[in-house]
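Student: Chains A and B, in that order, are what the protein sequence lines are.
When we follow my numbering, the leftmost residue of the first sequence carries the number 5, and every step to the right adds one.
When we follow my numbering, the leftmost residue of the second sequence carries the number 41, and every step to the right adds one.
Heads up, some of the hints might be wrong.
To be verified - Derived coverage of chain A by chain B (criterion: at least 3 residues anywhere in the stretch with Cβ under 8 Å from a Cβ of chain B; other residues may be distant):
{"id": "1", "segment": "28-35"}
{"id": "2", "segment": "154-164"}
{"id": "3", "segment": "180-193"}
In case anyone wonders, no lab produced these hints; they're calculated from the structure.
Think of the CB as a built atom: it goes at the ideal place given N, C-alpha and C, for glycine as much as any other residue.
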Amino acid sequence: MSGDTISKLFKQTSEKYWDKKIALRYKNLGVWQPYTWKYFWEQSKYFGLGLTSMGLKAGDRVTIVGDNEPEWYFAQFGVICCGGIPTGAFQDSGPEEIKYVITQSGSTFVVVEDQEQVDKLIFSYRDREGKEREPITSQVPAIEKVIFWDTKGLRSYRDSKLMRFDEVVELGRHYEKEHPGLLEKIIENSDPEAPVMLTYSSGTTGLPKGIVHCSRSVLAASRCWDSPAPTGEKDEFVSFFPLAYGGEFLYVIPAFIKGGATVNFPEEPETVAQNIRELGPTKASSAPRLLEMEISTVQVKMADASLLKRLAYQLFMPVGYKIARMKRLNQSINVFWKAVYGLGYFVVYRPLRDWLAYPRNRILLIGGAALASEVLDFYLALGIDARMIYGMIECTPTAGHMKGDVDPETTGVPTLGSELRISDGGEVLSRGPQRMLYYHQNPEATRKLIDEQGWVHTSDAGFITEKGHLVCIDRLADLGVLGDGTGFSPSYIENKLKFSPYIRDAIITGDDKDYVGALISIDFPNLGQWAEAHRIPYTTFVDLSQKPEVYELVSKDVVGINRKLPEKHRIRKFAILHKELDADDAELTRTRKLRRKEVSARYQDMIEALYSDKTDYTAEARVTYRDGRTATITTKVHIASVEGEAK
Amino acid sequence: MKNEAKLKLEHVHLRFGGVHALTDVSVDVREGEILSIIGPNGAGKTCVLNCINGFYRPQTGDIYFEGRNITRLPSHKIAKLGMARTFQNIELFAGLSVQDNLMAGRHFYMTGGLAGAFLGGVYFGKSHHEEVDQRRVIEEIIDFLEIEAIRKQVVATLPYGLRKRVELGRALALQPKVLLMDEPMAGMNLEEKEDMARFVLDIYEERVKTIMLIEHDMGVVMDISDRVVVLDFGRKIAEGTPDEIKANPNVIKAYLGAGKK
Numbered sequence: 005m006s007g008d009t010i011s012k013l014f015k016q017t018s019e020k021y022w023d024k025k026i027a028l029r030y031k032n033l034g035v036w037q038p039y040t041w042k043y044f045w046e047q048s049k050y051f052g053l054g055l056t057s058m059g060l061k062a063g064d065r066v067t068i069v070g071d072n073e074p075e076w077y078f079a080q081f082g083v084i085c086c087g088g089i090p091t092g093a094f095q096d097s098g099p100e101e102i103k104y105v106i107t108q109s110g111s112t113f114v115v116v117e118d119q120e121q122v123d124k125l126i127f128s129y130r131d132r133e134g135k136e137r138e139p140i141t142s143q144v145p146a147i148e149k150v151i152f153w154d155t156k157g158l159r160s161y162r163d164s165k166l167m168r169f170d171e172v173v174e175l176g177r178h179y180e181k182e183h184p185g186l187l188e189k190i191i192e193n194s195d196p197e198a199p200v201m202l203t204y205s206s207g208t209t210g211l212p213k214g215i216v217h218c219s220r221s222v223l224a225a226s227r228c229w230d231s232p233a234p235t236g237e238k239d240e241f242v243s244f245f246p247l248a249y250g251g252e253f254l255y256v257i258p259a260f261i262k263g264g265a266t267v268n269f270p271e272e273p274e275t276v277a278q279n280i281r282e283l284g285p286t287k288a289s290s291a292p293r294l295l296e297m298e299i300s301t302v303q304v305k306m307a308d309a310s311l312l313k314r315l316a317y318q319l320f321m322p323v324g325y326k327i328a329r330m331k332r333l334n335q336s337i338n339v340f341w342k343a344v345y346g347l348g349y350f351v352v353y354r355p356l357r358d359w360l361a362y363p364r365n366r367i368l369l370i371g372g373a374a375l376a377s378e379v380l381d382f383y384l385a386l387g388i389d390a391r392m393i394y395g396m397i398e399c400t401p402t403a404g405h406m407k408g409d410v411d412p413e414t415t416g417v418p419t420l421g422s423e424l425r426i427s428d429g430g431e432v433l434s435r436g437p438q439r440m441l442y443y444h445q446n447p448e449a450t451r452k453l454i455d456e457q458g459w460v461h462t463s464d465a466g467f468i469t470e471k472g473h474l475v476c477i478d479r480l481a482d483l484g485v486l487g488d489g490t491g492f493s494p495s496y497i498e499n500k501l502k503f504s505p506y507i508r509d510a511i512i513t514g515d516d517k518d519y520v521g522a523l524i525s526i527d528f529p530n531l532g533q534w535a536e537a538h539r540i541p542y543t544t545f546v547d548l549s550q551k552p553e554v555y556e557l558v559s560k561d562v563v564g565i566n567r568k569l570p571e572k573h574r575i576r577k578f579a580i581l582h583k584e585l586d587a588d589d590a591e592l593t594r595t596r597k598l599r600r601k602e603v604s605a606r607y608q609d610m611i612e613a614l615y616s617d618k619t620d621y622t623a624e625a626r627v628t629y630r631d632g633r634t635a636t637i638t639t640k641v642h643i644a645s646v647e648g649e650a651k
Numbered sequence: 041m042k043n044e045a046k047l048k049l050e051h052v053h054l055r056f057g058g059v060h061a062l063t064d065v066s067v068d069v070r071e072g073e074i075l076s077i078i079g080p081n082g083a084g085k086t087c088v089l090n091c092i093n094g095f096y097r098p099q100t101g102d103i104y105f106e107g108r109n110i111t112r113l114p115s116h117k118i119a120k121l122g123m124a125r126t127f128q129n130i131e132l133f134a135g136l137s138v139q140d141n142l143m144a145g146r147h148f149y150m151t152g153g154l155a156g157a158f159l160g161g162v163y164f165g166k167s168h169h170e171e172v173d174q175r176r177v178i179e180e181i182i183d184f185l186e187i188e189a190i191r192k193q194v195v196a197t198l199p200y201g202l203r204k205r206v207e208l209g210r211a212l213a214l215q216p217k218v219l220l221m222d223e224p225m226a227g228m229n230l231e232e233k234e235d236m237a238r239f240v241l242d243i244y245e246e247r248v249k250t251i252m253l254i255e256h257d258m259g260v261v262m263d264i265s266d267r268v269v270v271l272d273f274g275r276k277i278a279e280g281t282p283d284e285i286k287a288n289p290n291v292i293k294a295y296l297g298a299g300k301k
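Next comes chain B alone, as it looks inside the complex (with noise of 0.2 Å):
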């Protein structure tokens, strides 16, 4: 099972206009592994992701998610399927409590409709329970990332680096297979970096064992992926371990331009 492919991209061509983001793209992310995208600006890495969380439609080609074609699925049945992920330009509910923004994370889960949320709203037994039982496991995502002295605060009055935490939380409020994350380092400092690079692995250990990363720090890539894969213009170049990507003739050219003899 260790390594059949939890989510596979198939021959994934995305045109906008005339402009080709995706060309022949196929990508398999297997169960327990930390697969990374990497490439230049523009190469289309988040393309890739919107495409496997339905944002966008591909043209042509197929995606499958534990086997089940999921390429003309709206994005809330993706997610309902147990996929989840973190945007490149944080999108929360800044005007929410951190606490509300997990919370949001956990709606698939609320069973109460809407009777129960009329009742809910003056706490009668279900919707009660209900309650309890969803804080609980946003209280462990909380401990989980270390956010606890900022449970009850507005996400707009946090700093940068804690938004992105908060995210993350989220996405991980809805328990999923699978967890997409787009640029997660991205803005931040060393140390604010070393701390995402370990809740990263932290989640793989303990929460959700398939994870997708977009990330441009390349230290970061080679120290926490099993295997990377690498775009750009639009076409996959390279896939493999992160030593065979570091070695690719490919990828050194795509990165820092084709040198002369």
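So that you can see chain A by itself, here it is in the shape it has in the complex (with noise of 0.2 Å):
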């Protein structure tokens, strides 16, 4: 025993509570079906053997596409028993960018779920140039088999390299009655520097790096985030992130193992909200982009509810924030003020909390982007212990919120064993237990990150408080600076605007420029109500986008927004996009970040009118379906001013 290692504890905890106690739960079937530790720990055991059975050795490379379901879970754990290293790609991924990782990772082995991955990977397809290129098993040799789990509509498929989930655990059945306790040797013998994971970075400049971390440092970073309320065996977990990103390997695998705490499992994508209503998860993660369509879609409700309610949410919403600020200033509540939220917490707080599935929450943990500290405010009003957290997967997390040390405007003081420093060109560099080994088969992007005294370049720009705390701006190369030489940041503004319920997304642009505008993307379903309530007509999302009526609606958020910005900062022009920001379209990542770069070069004509004297642009836009295809969708859009000069 030389440390732990994520193989050792998952071994522990599954001896411990055997078949006593619940790991994972699996909504299947319109019921909530549990599955023992006993049955996690053989599951991933004997598929783990059946893939060494096939020739995996310690080290090598398996791939997962798949939607989180608990066979995710089993592979994941069979290849780190046996010494393999996991990696995922994202389930809605095109199939060009599924070989990436295959062929980066080197993986010999592909685990995925249903028929549509798998049609990915054994059929040929078009490449978004329209090319027609050979099926990936072909192009790529080196895949020894393609093992699924969701036989829905593959029984006729024969296809000499795909192979059942099943089939594999039966092998390895059989190989542990030839080869008794060869598994728990390799776990007895695991180091704690070899390699358990690896992710990929979500690409929002260039081609994802391969992000590689060792048991060590995985539990390193669990630590840090597990210790402000330590996970325990009644803790409830919700798996819904894509869990090719690497987040949830880092924040809540370890302590899940570590704890006995249960993971969930939603039914179906499209279920997720619906799932975790259910559940009330005791702990959550969440990304500022989902807490900002929560507050959305309670804004938007909100407006319709009947007066009382409305009144009761005006009156008792103000009462929250006055309270969370006092508490996180330390100043003392005197009784009338308690007895006020305590009114609030019964008419207002507790429903919400409960529609919004926190009733049972003990941590909201926020990490991943820049947050409007308006985002946050709204959380600790409702009592709910949210907290932002900061770090890259690369290292992460290296900053966050110590309890009764909330500050909606930073994020946060060094995690537990970690450092923080400002270079003096801005950049926020930070250092810790938690970092990575290395770039998967990239020595050169590996140095550029990290420095020779250990040091991670994080590419953000931020600066530390006189309390301690972090602020991050922006990245480092998506700071703008205006024509006059004042700078600015995008994603500041950005995020101010994607607090309006109907606006979804916003690109600012500005540099070298001599004002900043705005390019916006609509909240459709929000709009979309929004214009029936005022019977508006609409036919399709471009339809919609470009109505004068929402023109001004978008316009009025414009301007309340401008007020709480520097005259400079302020918005002169914006246009409407005549379509949603897509992660297909290589707008997003799959992770919804913008890429900033890909997105100024494709709307690059638009963004000039803003700055022109014209009041309508005409825009092509070329869109990419799933399936390799595009089309072209010609629009005319309107450029609007924004009259916000006057006070």
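Hints are included, so try docking the two chains, each in its own frame, into the full complex.
Tutor: Structure representation (structure tokens):
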């Protein structure tokens, strides 16, 4: 025993709880189906042994593609227990993106969910240029087997590389009989420094890079985020972030296997919200984007609610904000306000928490992107222990809010054992035990990220406040400078815009220009509801986005935000995009982060139009469908000026 | 057994007063095939389905299902033999939830009877088990058609494409031997059509081995059918594999009109 490893912890916990406690729960056929630790352990073990019998060796990579389902975990833990390295590709990726992950990681086995994914691998497809390409399995002969767990529609497939998940488990059972104790021995000898996780960066800039973590760094990361509210047997997690995004492996998994908690898998991606409400998880982590959407929904639903409910909401929400602020500043709260808050708890906060699936919530961690302070304030007002954490998957979390020290304008102080520093160029540098090992087969990028003293160069611009809190402004490369030399942060303004229930995405422009402009993408469901309520007929997204009434509405929100911004940073002109930003068009990453470079290039002409005298612009957009086909849409997009000068 | 006719129409004539809806139509639907019926508007496609499942009585001619003459049987008895269908204009219980609509498709399998129904109301023994068993079947169909997110929603609130899927689910709930589908893709956009075509193929593979389909979308028909039958003014003018049909001059004439040489 030279230190804990993921596989050792997994074995210990499984043996401790065996068939007495539920490890995983998966909603299937309308019922939450429990899986005990024994079952979890056996499925993982035999799956791993099955792969071993087919030639998987220590250090070999396995790509997993699929929705969050127990089999993802079985495959992942099976591979880790055998000394292999699991990696994931996003389930909605096209064939080219999946191929990239398989070839970059050098995977020999691919484990997929269903027919949809199998088809991407074993059939020919069209690439982005519309060229016919050979099936991935023939392009990449290194792939030994494609293993699937959902058999629907696959019965008649006859491909020598295809194999069912349960066949592999069965192979493993036989292999165990011939080699008793083999897996246990591998686990006993597992090294805390050996890689256990390979995950791909979201690729906001350029091709995704493979981030490699070992047991030690993963456990260190988990210790950092778990320390505010240590995970125990009674804790319930919900697994719904795409597993290919490494966050869950760093945050949830080590705490889950150490504490013996329960992880729940929603029925389908479409039922996530419904399923989370049924469960009311005790510990949650979320992304700013999801919280923004949650708040938008609350705002829209509140506007539709009965008069009494609206009054209660308007009366008690400001109280919630006020109390949250007082608590934050450690001011004493007098009896009167305590009583009002108590009343508000029963009338507004508790029902709202219940509705938003936080009735049993102990802690809500928010990370992944910058967050408008309004969003955090909202959750604090409801009495939820919401905190920001900061860090990139390469080294996370490096900063976070500590109890009683939550400041919505910052991302908190350095976490357990980590250090933070601002370089001379204004870049945030971080260092700590949770740092990754290296980028997979990319020593150059690794050297660029980690310097000789071990500092991770995050590429984020930021500063540290007097209280030692880190404030992250934006990506260094994204910081803009207006023609007259005034610096501004696009994502800061974008996040303010996104707080509006009617704005889903925004792109702020103005680098080297005279003023700040914005391209805005509307929130179709919310705005659609608004249009219906106001009897504004519309047909499609394009039609609705260009309605004068919609421009008027969005314009009001823009004016409101302008008031909160310094004179020079105010948005002077904006246009509403005629289409939603989409990861399939490479405008967003699969985790829904803006790919600024791609988007700016794509809408360059429209951006130029923001800085001309034109009042409209004819846009031609090429859309790429999932199956690789493309189509062109032509639309006239209006350009609106904002009369925000009046005070 | 493979090539034996599962469902057989022999010289079927159907008249409404002086209108000859079907004239001497003979079709064999073989076990294990997807057979499509195509034809211009008013060609009598839906009439064929209506004759098969007993909505209409042909004046002459016979219809056999697994060798048994079903021409004069009432609809519910034909359904019980193992034949389910979907409708062109969606015939669901709009006020019921998706779940309950599918449950309605299981009523042949409920044996509780009147006493059972009363006791079932308070959940005793047999009725209780029966309810659980039926729910399982329904849930498997919900899973199959990927409609988990809407299982508790009232049908009237659903968009058209989903309603079509629910109706298909109800037909499947019958666990039929033959599935008749009347324009499953009508009024759908490209993406919905692709989804539906995928479901038809999945059903064929996993659940029902014999499918009869009426469809207007030629692309879909030619892609997924084993054989195609073409009707025009109530007569069968062609029958064969999709490739044969595409090359058949009668079909081209019926669809495009006769060109001048």
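Student: Each hint: holds or not?
Tutor: Status of each hint after checking the structure:
Under a criterion of three residues with beta carbons nearer than 8 Å to beta carbons of chain B, the stated coverage of the segment 28-35 of chain A is upheld, 4 such residues being counted. Requiring three or more residues with a Cβ within less than 8 Å of a Cβ of chain B, the coverage given for the segment 154-164 of chain A holds, as 4 such residues are present. Against chain B, the segment 180-193 of chain A contributes 0 residues with a C-beta closer than 8 Å to a partner C-beta. That does not satisfy the three-residue criterion, and the hint is violated.
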